[in-house]
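In order, the protein sequences belong to chains A and B. Using the numbering used here, count along the first sequence one by one with no gaps and you end on 456. Using the numbering used here, count along the second sequence one by one with no gaps and you end on 947.
Do not take every clue at face value.
Here are some chain B residues the structure puts well away from chain A; computed CB gaps all over 12 Å [to be verified]: (1) Gly881; (2) Ala920; (3) Ile925; (4) Ala940; (5) Gly941.
Reference listing, derived: stretches of chain A covered by chain B, where coverage requires no fewer than 3 residues with Cβ under 8 Å from a Cβ of chain B [said to hold, decoys possible]: (6) 399 to 405; (7) 437 to 449.
Honestly, the hints are just simulated from the structure, not real lab data. Beta carbons: idealized from backbone N, C-alpha and C, even for Gly.
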Amino acid sequence: MIDEALTEIVDVVRRDGWSHPAAAEETGPYSVLASLALHLVDLSAAGPFALFPAVFGALERWLARGDAAIRNVLIVGLIEDLQNISLNRGIALDSWEEWLGTRSRDAWDVVMGMWAGRVTPDALKAYVEGRPADAEPTT
Amino acid sequence: MWDLTVANDHDFCVVTVNTAVLVHDCPLTGGPDWDPVKPPRIQNPELQSIADQLYRPGASIGNGGTGDAIRAGFGHIIKGSEWITNLGSWIADNPGASPSGIYTTQSMLQELISAMAGEGYPGP
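Turn these sequences into a full structure, and let the hints steer you where they fit.
Here's what the structure looks like:
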């Protein structure tokens, strides 16, 4: 299922002529999405932005229907990487808001809260698993 | 489980999926670009891109590194293990990199490995 999600998200950008390093695909999904995040941050500086709706639309869909493994790679992977790279390069995080759907914005805020010390590890795990924070963990 | 204790020897190999990396577990002091409690400052643009992904400025968790997210229990285990592979591959693929670049990459690698092993920062 992760492969299906990655394919949908990455293919949007691949059709635009971008390709991630082959080594990233061999390494795993976090590496593929790290490469994608770098590319999106580069585009965010000057555009073009034509593919952003499709990329963030796919992110929104997979946050809604993905299992915990997919949500983890999207939240701890793609969203966190977008934030980290943006912060390191002086790009305002609120510049991404226009592209975020409801679920993506929630996930965005959870990652912000995690690094600000407002979200605990248990709360993050519960959020990724799509259960209330005070419910029993699945593992 | 990552057991990096090697009796009477400071040099050992870390074998990743694609790469074997020679690690020297000397104390991380005196390096030109590395402070284990701060995000690294790096001259090489490619390494800087890696650090841009692995470190978060202004974070309240440790130095904002993925290693600190692992230590804090935030579920970055797979992400960390992929970066161990990536950093190991970078060292293997860039034998001509500057000593500073190699040192910094090895330091980021060791930082992740120690976090995965449930340890604090590498070094003294």
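Going down the list of hints, with the structure as the test:
1. Taking the minimum C-beta to C-beta distance to chain A, about 7 Å, the non-interface status of Gly881 of chain B is violated against the 12 Å cut.
2. Distance check on Ala920 of chain B: its Cβ is at least 16 Å (rounded) from any Cβ of chain A, clearing the 12 Å threshold; non-interface status holds.
3. With a cut of 12 Å on Cβ distances, Ile925 of chain B stays outside the contact zone with chain A, its closest approach being about 18 Å.
4. Chain A leaves Ala940 of chain B outside its interface by the beta-carbon criterion, the shortest separation being 18 Å against a cut-off of 12 Å.
5. Every C-beta of chain A lies more than 12 Å from that of Gly941 of chain B, the closest at about 14 Å, which supports listing it as non-interface.
6. Coverage of the stretch 399 to 405 of chain A by chain B holds [criterion: at least 3 residues with CB-CB distance below 8 Å; count 5].
7. For the stretch 437 to 449 of chain A, the stated coverage by chain B is satisfied: 4 residues place a CB nearer than 8 Å to a CB of that chain, which reaches the threshold of 3.
Violated hints amount to a single one, hint 1; each of the other numbered hints is respected by the structure.
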